[in-house]
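2 protein chains.
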Amino acid sequence: MYHKNLLNVQKTFEIIQKLEWNTKKELINLQNGNSRVLAQEIEVKIDVPPFNRSAMDGYAVIADDVSKASETEPRYLKVVEEIGAGDVSNHVIEFGQAIKIATGAKMPMGSDAVIMEENVEYEGGKIKIVSPVNSNNDVALKGEDLKKGELIISDDQILGPHHLSVIASAGYNEIEVYKKPQIGVIITGNELVEPSTKLTPGKIINSNKFALKGVIEDSMAVAHIQQCSDDSKQLILAVEEAVDKYDAVITTGGTAISKGDLIVDIVEDLGNVPIHGVSIKPGKPFGFGIIKQTPVFMLSGYPVAVAVQYDIFVRNHILKMQKINKKFNFITAIAGENIRSSPDKYNVIRANFKDDTGVVYPIRTKAGINKSILLSNCYIIAEEGTGKIKKHGKCNILKYNTLKIC
Amino acid sequence: MYHKNLLNVQKTFEIIQKLEWNTKKELINLQNGNSRVLAQEIEVKIDVPPFNRSAMDGYAVIADDVSKASETEPRYLKVVEEIGAGDVSNHVIEFGQAIKIATGAKMPMGSDAVIMEENVEYEGGKIKIVSPVNSNNDVALKGEDLKKGELIISDDQILGPHHLSVIASAGYNEIEVYKKPQIGVIITGNELVEPSTKLTPGKIINSNKFALKGVIEDSMAVAHIQQCSDDSKQLILAVEEAVDKYDAVITTGGTAISKGDLIVDIVEDLGNVPIHGVSIKPGKPFGFGIIKQTPVFMLSGYPVAVAVQYDIFVRNHILKMQKINKKFNFITAIAGENIRSSPDKYNVIRANFKDDTGVVYPIRTKAGINKSILLSNCYIIAEEGTGKIKKHGKCNILKYNTLKIC
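Order-wise, the sequence lines are chains A and B. Take 592 as the starting number for the first sequence in our numbering and just add one per residue. Take 592 as the starting number for the second sequence in our numbering and just add one per residue.
The hints are simulated quantities; they were obtained by calculation from the structure and are not laboratory data. Quantities reported herein were computed from a predicted structural model and do not represent experimental measurements. Worth double-checking, as some hints may not be accurate.
Treat identical chains as interchangeable: a pair holds within one or across any two.
DMTMM-like mimics (lysine to aspartate or glutamate), calculated; alpha carbons at most 20 Å apart, straight line [what the hints assert, rightly or not]:
id	residue 1	residue 2
1	LYS995	GLU808
2	LYS990	ASP946
3	LYS770	GLU611
4	LYS872	GLU975
5	LYS739	GLU785
6	LYS911	GLU605
7	LYS995	ASP809
Same shape as in the complex, but just chain A (with noise of 0.2 Å):
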């Protein structure tokens, strides 16, 4: 089967949006939780400080003992303890004492403010005092950075280190978050080979493979990959093993007319596929089915149009699946030079973005060429009906840095 009116570019989001995400939640040790989706709200536990304690290295006393000193009449202090950062006192201070504290010690009962070290001078077991200090001061209160029962993060929230300390901070041990999607690759074809420099006739090296293990990580996921001879039998079980078995699934090759291309027709008997042949270029064969709920984005073999098929249609559904609502992020750019683009297709062009000028420049190359990807830091996207842009022109880009999530 191959559709040979191409589904417009809109209507192909439509269907794969449709489909609900679909990974579960898992409790992890908090210490792995960098650059993972939170799957639960963070009540703060207990009260941080949980008690008043020192903002400084210095001094706890009564603000009322110290009200009156000044230059030129200091107050003295008797030094009766010294308390460092986890020791607690169980002294109680009384007018004309002081206790040494170390920054983060609990204030010793009775006193209530800090005076620092460095303005106070210390002699024979007294300082000296020349001005007077608020009730409070230097002292952080228990919970004015975090109150108990408070709300501070929200689900959905992809965890950064310091999240990781606040949340630490609110008392939790671990968390819970989304898995990370587990993803099957099947790569068809049977001319691909693993890298060498002994390629016999009519091998090539299988690249993909390696491409789609890296977007896949990016994507906050797991790739699991085979590769698969284009052969119906071992096709068919490799197919109906990884939809049970994974989130999603992702073939390349095979999605074209032409001899041992099997897998559209494969999806299609086992579950069913809305989508088969795309107006988008490069990557018009692309193909999308659905067996026993799970996904199954059919990408073609060459890389170049993997890599746009994968950024275009696969990446953002991916993300969905541990509650990433990402969209593109279009900018718009001067093209450098006239650009040609099909005006039935949703064109995908791979450019160069000049953030001092914001001009762009189409990358010239054949359709094939796998290196332009590392020459060019954009796509122009051309939708259809836009036909030529003319140099000076304006049109819309996406950055490849801002397809990842970072």
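We have chain A already, so just place chain B on it with the hints.
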């Protein structure tokens, strides 16, 4: 020891930058290359394509044979064979003949052009051709993507998915990359405990551990975290072991002047400490030492100071260890309100930058409020001598998302 004369930030950078990076290289399988840094040049080992091949599903022909084909005088060719992508034909094509060919298949001997399947009519073993094609039409020529001997990627390149794909095509199964820096982290502080809702008096949850693991991962390095009590003997052992085992060491806590603050003295005993005390706010007690060539970054205990010290002094050094030369990417923003800064300090102020308006608003919380990092997306950097920044005035900001590599 404590340098009462604080070192200025520029001098601090200079001292840290003098240190040579020191990661080694390792050979890895290409499939594990995503987000690694290449430590070799990539010189193409084989022509890609390795032979002339069909760029389309269609029919291989001799261009001269169809040079007069037209709607009124169509040319009919006999289809003598059919070859799939991995197959090779032994047939030498002659005038009057065509071979059905799949995209990617090697061009049969004698043929020099491909006619797309859509452009012919097939009937009874023959195809009808109604327009001529040029020699090499829809043929991917040997070496047109990659030429044997061509240098395509330089060393020090951070590898993305599509680099891997091109490197595979160039004939590489393994690549040499820089080892990920191994960073030993020693968390000091007797008061620090694991996240829990049942804190005994004087104890504080160790949140730095979680933040540091994350920021080190985000620096493309590996964190080895241990907690060590504020005991001189144990701390000496921990530091000695860590400098032997890891590429760099980070400590937290114990850099200021108070009871139980040992780390700076220990590092000075074991090596030397060119930096202790920097005119930065927050993060003044920052220390930097070297023991047997291994850098030791001594950070504060306070999470807010740790974050700033890491971002300003540590991150770029860890990146440089694997040959990534990252500089701060300052942006000029408009102050949304009056902003105070200490004129004798390099002030690093958590703030919120609005991309659409270019206006930045400082976060108004007490210095120790760790949560503030979640409310902010950038630092305002007010260097020494800046003092007050007036509302509507210009200031330099550093967006958090520009600190990372991605």
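Here is how each hint holds up against the structure:
no. : hint            : verdict
1   : LYS995 - GLU808 : both (10 Å within a copy, 17 Å between copies)
2   : LYS990 - ASP946 : both (10 Å within a copy, 17 Å between copies)
3   : LYS770 - GLU611 : within (15 Å within a copy, 40 Å between copies)
4   : LYS872 - GLU975 : within (10 Å within a copy, 54 Å between copies)
5   : LYS739 - GLU785 : between (57 Å within a copy, 18 Å between copies)
6   : LYS911 - GLU605 : within (14 Å within a copy, 45 Å between copies)
7   : LYS995 - ASP809 : both (6 Å within a copy, 15 Å between copies)
Comparing the model with each numbered hint stated earlier shows that all of them hold.
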